[in-house]
Amino acid sequence: MAQRNKKMDLEQWTVGGRGFGVLFVFLLLAGEIYTTFTFLGGSGYSYGMGGPASYILAYGALAYILSYFILPRLWRYSKEHKLLSQSDYFATRFNSPGLGILVAVVGVIAIIPYLQLQITGLGLIMEVTSYGAVGKVLAMTIGVVVVALYVTISGIHGSAWTAVLKDIVVLAVVLVVGIALPMHVGGLQVMFEKINTMRPDFLILKNHGMGLMWFISTVALTSLGFYMWPHSFSAVFTAKNERVFRRNATFLPLYQLILLFVFFAGFAAILIVPGLKNTNLALLAAVQKVFPAWFVGVVGGAGILTALVPGSLLIMTGATLIAENIYRPLAKASEKQVQTMARIMVWVIAAVSLYFSINSNATIVALLLMGYNFVTQFFPSVILSLFTEHGVNKYGAMSGILVGVSIVVYFTMTKVSILWGINTGFLALLINFIVVWVVSALTPNSPVSADQPAHF
Numbered sequence: 001m002a003q004r005n006k007k008m009d010l011e012q013w014t015v016g017g018r019g020f021g022v023l024f025v026f027l028l029l030a031g032e033i034y035t036t037f038t039f040l041g042g043s044g045y046s047y048g049m050g051g052p053a054s055y056i057l058a059y060g061a062l063a064y065i066l067s068y069f070i071l072p073r074l075w076r077y078s079k080e081h082k083l084l085s086q087s088d089y090f091a092t093r094f095n096s097p098g099l100g101i102l103v104a105v106v107g108v109i110a111i112i113p114y115l116q117l118q119i120t121g122l123g124l125i126m127e128v129t130s131y132g133a134v135g136k137v138l139a140m141t142i143g144v145v146v147v148a149l150y151v152t153i154s155g156i157h158g159s160a161w162t163a164v165l166k167d168i169v170v171l172a173v174v175l176v177v178g179i180a181l182p183m184h185v186g187g188l189q190v191m192f193e194k195i196n197t198m199r200p201d202f203l204i205l206k207n208h209g210m211g212l213m214w215f216i217s218t219v220a221l222t223s224l225g226f227y228m229w230p231h232s233f234s235a236v237f238t239a240k241n242e243r244v245f246r247r248n249a250t251f252l253p254l255y256q257l258i259l260l261f262v263f264f265a266g267f268a269a270i271l272i273v274p275g276l277k278n279t280n281l282a283l284l285a286a287v288q289k290v291f292p293a294w295f296v297g298v299v300g301g302a303g304i305l306t307a308l309v310p311g312s313l314l315i316m317t318g319a320t321l322i323a324e325n326i327y328r329p330l331a332k333a334s335e336k337q338v339q340t341m342a343r344i345m346v347w348v349i350a351a352v353s354l355y356f357s358i359n360s361n362a363t364i365v366a367l368l369l370m371g372y373n374f375v376t377q378f379f380p381s382v383i384l385s386l387f388t389e390h391g392v393n394k395y396g397a398m399s400g401i402l403v404g405v406s407i408v409v410y411f412t413m414t415k416v417s418i419l420w421g422i423n424t425g426f427l428a429l430l431i432n433f434i435v436v437w438v439v440s441a442l443t444p445n446s447p448v449s450a451d452q453p454a455h456f
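Numbering-wise, this note's numbering puts 427 at position 427 of the sequence shown, and it's gapless, one number per residue.
Everything labelled a hint here was simulated from the structure, so no lab data went into it. Incorrect hints may have been included.
[Claimed, not checked] Simulated pairs of lysine-lysine, DSS-like, Cα-Cα distance not exceeding 30 angstroms: (1) K336 with K240; (2) K79 with K240; (3) K415 with K79.
[What the hints assert, rightly or not] Pairwise CB distance ranges (calculated): (4) N359 with L260: 51 to 57 angstroms; (5) H81 with F192: 48 to 54 angstroms; (6) R246 with N278: 38 to 44 angstroms; (7) L254 with V105: 35 to 41 angstroms; (8) V146 with V438: 47 to 53 angstroms.
Idealized CB from N, CA, C, for every residue including glycine.
Build out the structure end to end from the sequences listed, making use of the hints.
Written out as structure tokens, the structure is:
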């Protein structure tokens with residue numbers, strides 16, 4: 001149905017012919033909320049970390065407020081120039097194919113841990129809900145093959161249609177689980193009183209490490225970077241008009257309140273299944289212990305959908321970046337060659353992500369934050385190019401991204417702690433802003449593109 005009556009050229013495959021209305025854009029952007037990060041990572045983080053997990057509730061709401069002002073401008077510019085990807089924006093806006101290639105490379109690198117997150121969650125869900133009948137590695141392999149095949153055939157249309165089903169099922173499951181598990185341990189008040197008695201400082205921010213400065217910097221980083229993900233950036237291009245974003249910005253913050261029920265499930269799991277070594281399993285283990293087998297299967301089905309929709313968007317976006325923004329300019333490829341390469345890259349990216357998923361023990365939240373550290377480095381150049389005419393040039397944009405990404409890589413590799421627990425990516429973002437401003441001021445003040453900044 002996703003492909004029916006549509007000529008599947010690259011524009012149709014990646015951005016749906018720019019014809020999606022409020023509902024489909026809403027569901028594609030809401031896919032950022034209901035992924036395996038939320039389903040397993042959010043509940044697992046509340047189970048393992050307590051108070052610091054509350055950052056997950058804060059950053060989405062702030063991001064949606066920003067979207068009201070930023071996304072209409074971005075959409076208008078993308079429509080005028082027929083952009084298909086985030087890299088297209090940088091290459092066109094700054095008249096710099098080289099900058100477009102750099103953004104594509106960084107974007108693909110950032111996508112890998114996010115896609116790894118979805119695959120890891122998919123494997124855990126299938127293994128636990130099948131009561132061990134399907135092993136984690138086999139489950140991940142099957143899931144990756146299904147997603148890759150699905151994307152190859154239908155592109156963004158398949159993701160949009162599945163998003164409709166996913167959100168209906170996941171909303172129902174999250175509400176049931178988020179209410180039933182706390183009730184199983186005596187209700188919300190009793191649950192929090194018991195947790196506070198067992199671990200008095202668990203429900204508050206820490207004095208060191210994940211304290212107030214970590215919370216503020218992490219919320220700032222993730223809210224500013226929310227739409228800097230290549231797949232979220234491209235999802236903006238699918239809308240048929242800019243009013244879609246203003247309407248969605250009104251309702252999406254309310255939609256995120258459902259995350260509270262995911263947190264409730266994670267906290268209840270502390271009392272139902274204490275002592276889990278793998279905190280990602282908190283929700284599934286609690287559901288398995290409290291509910292009958294048939295409902296465990298329903299939860300498993302909902303969880304699989306939370307991996308399939310964002311997973312398909314991530315694979316498709318990564319493949320488009322490589323084919324359209326790296327392969328095309330370097331090989332001077334034709335449209336048909338680019339389309340073929342995009343479909344080949346779907347399978348390459350899927351295979352690489354599967355390999356890392358099988359050989360990694362990182363928590364789901366850690367994987368997401370790693371990706372955020374990279375993609376948020378695009379924010380200074382995007383925001384300055386959208387709202388100013390000469391605030392940033394290609395030299396400033398390229399220098400800022402390179403410096404920001406280098407700082408993230410250094411601190412990630414050396415595991416050096418920053419003063420007051422400030423998030424590494426946020427520190428890199430601040431330095432990035434300074435570099436963009438200084439380099440742009442000291443280099444030829446050419447306009448960001450031949451066009452004026454996008455207006456409402």
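Quick rundown of the hints versus the structure:
no.	hint	result
1	K336 with K240	holds (25 angstroms)
2	K79 with K240	holds (9 angstroms)
3	K415 with K79	violated (42 angstroms)
4	N359 with L260: 51 to 57 angstroms	violated (34 angstroms)
5	H81 with F192: 48 to 54 angstroms	holds (52 angstroms)
6	R246 with N278: 38 to 44 angstroms	holds (42 angstroms)
7	L254 with V105: 35 to 41 angstroms	holds (37 angstroms)
8	V146 with V438: 47 to 53 angstroms	holds (48 angstroms)
Hint compliance for this structure: hints 3 and 4 are not met, and every other hint is.
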